[in-house]
Amino acid sequence: MAFKLFKYEAYNTLRSRFIVGYFLFFLLLTSALSYFSGDISKVIVSLLNIVILFVPLISLVFSSLFFYGTREFTELILVQPVGRKVVYFSKVLGISLPLAISSGAGMGIPLAVFGASPVHTLLLTLSSVYLTLIFSAMAIMFAVISDDRVKGLAMGLAVWIYASVIYDALILFVGMAFYDYPIEGLIILLSILNPVDLARILIVMNLDIAALMGYTGALFVKFVTTVKGYVIIFLTLTLWFVVPLFIGTWFFNRKDF
Amino acid sequence: MESIVVEDLYKRFGRNEVLRGVNLKVRPGEITAILGPNASGKTTLMKCILGLVIPTSGKITVMGYDTSKGVGYRRYIGYMPQIARFPENLTVMELINMVKDIRGKEANWEYYVNLFGLEKFLDRPLSVLSGGTRQKVNTTLAFMFDNAIYMLDEPTVGFDPVASTHFKDEVIKLKKAGKSIVFTSHIMSEVEELADRVVFLLNGKVHFDGTPSRFKEQTGESTLERAIARLMKEAGVEDGV
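Line by line, the protein sequences are chains A and B.
With numbering that gives the first Met the number 0, the residue at position 111 of the first sequence is 110, and numbering never jumps.
With numbering that gives the first Met the number 0, the residue at position 55 of the second sequence is 54, and numbering never jumps.
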């Protein structure tokens, strides 16, 4: 039943013109950047900036509006003999996976065609997929918590501003304030607590430009490029998806429609 | 056996207590109209039975199953919501197939598609359909399965006279087949035409439960509309029905 519902949710999302446009946007952008730039690693850095700013924002707005817009669809499903948990899981995955695949494939296909490093391509597309899943799950969680779509969207945007803009300023402030202390471990820990930073670190530390980042950069490279580092990063990213998913389920199970 | 039994049902939304100890029994082969002023809890009561709204306290049994214990009881119910809004990107046929697939039950959809003249809309996305056509799709989805109970929330809103007549004929047919039909409506002529029983909700409680003729007798009025107006006036509620 879960797969059946997921299939219909995903089908409904895929039929939205936005998803097609979103895929084409990444496809054209990546192709154009790869075609006009001589250095493919520069293309990865440009795309990285889009992935960490643009992907979470679009995922938040699209998922939130899509969830509010399909409330009657949710009601239609909820009056069928199907449990609420199954309905919610299929809804979150049905909205976020098509979105994640369109951005991931939109970037991944041209990068593979233009001969980018398979590791960089994989990390970039995985980051994009994870950030989409994470911010979609958050947006839908807020949409379940608040019936007011302005409030629900505002909560999501507040998290986006915090994760994408304010958090880095805070880390910078900690770095400056405790300049004389050995706080590299703390900085790594703080960065892990933000999914946007995690995606950034994952890619930047695998590029040559990591060498320009001094001692802390070297520590990051040492952390990120080990199996343990990868396991911690991907586990943390998975947790960032699973936690809002389960909080959302808790609220969804108790929600009145 | 009663199809639906509601015992001492309470529902509170924040500070607002919408249902305050509702008791109701719905029997097979009977058409029950739930009436009441705006915000009297008609839709909330229906949604509690369907599991869309979670009761604060009380017990609901559908075909002998306690609704708080599982979702299986919903296979006995066909529901027609008040606003017929569906996934915008699906076509009518895709929607019918989807609901059929989820229920995993045989559906007599062709009959209702023919009855309401929906053949030419089957391949169109739901987003381009008019309100009346959506309501016809809504009816098809509710009626296409052989259910024991049909719950219809303001079913004829948006219908033209032809569709409305077809709809009422179908409801009477279902009643004769021993099904339980529960509906809300603000069109009193429709209630008088269809209902065997009137349940009048006021301030979250069942204020009257009986036949339409007894309802009129009790208030000393000649029509249901006047009877309801009188009851509301007596209770100090002067809002629409």
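Keep in mind the hints are simulated off the structure, nothing from the lab.
Certain hints may be false.
To be verified - Selected chain A positions facing chain B (in silico; Cβ < 8 Å):
{"no.": "1", "residue": "7"}
{"no.": "2", "residue": "14"}
{"no.": "3", "residue": "19"}
{"no.": "4", "residue": "38"}
{"no.": "5", "residue": "40"}
{"no.": "6", "residue": "41"}
{"no.": "7", "residue": "72"}
{"no.": "8", "residue": "74"}
{"no.": "9", "residue": "75"}
{"no.": "10", "residue": "79"}
{"no.": "11", "residue": "80"}
{"no.": "12", "residue": "81"}
{"no.": "13", "residue": "149"}
{"no.": "14", "residue": "153"}
{"no.": "15", "residue": "250"}
{"no.": "16", "residue": "255"}
Beta carbons are placed, not taken as given, at the ideal position from N, Cα and C, and that holds for glycine.
Hints, one by one, checked against the model:
1. 7: Hint on residue 7 of chain A: holds, closest Cβ of chain B at ~5 Å, below 8 Å.
2. 14: Given a least distance of 3 Å, the restraint on residue 14 of chain A holds.
3. 19: violated (11 Å)
4. 38: violated (41 Å)
5. 40: violated (39 Å)
6. 41: violated (38 Å)
7. 72: holds (4 Å)
8. 74: holds (6 Å)
9. 75: Since chain B brings a Cβ to about 7 Å from residue 75 of chain A, closer than 8 Å, the hint holds.
10. 79: holds (5 Å)
11. 80: holds (4 Å)
12. 81: holds (6 Å)
13. 149: Check failed: Cβ of residue 149 of chain A comes no nearer than 19 Å to chain B, outside 8 Å.
14. 153: violated (20 Å)
15. 250: violated (12 Å)
16. 255: This hint holds: residue 255 of chain A lies near chain B, its Cβ roughly 4 Å from the closest one there, short of 8 Å.
Comparing the model with each numbered hint stated earlier shows that hints 3, 4, 5, 6, 13, 14, 15 do not hold.
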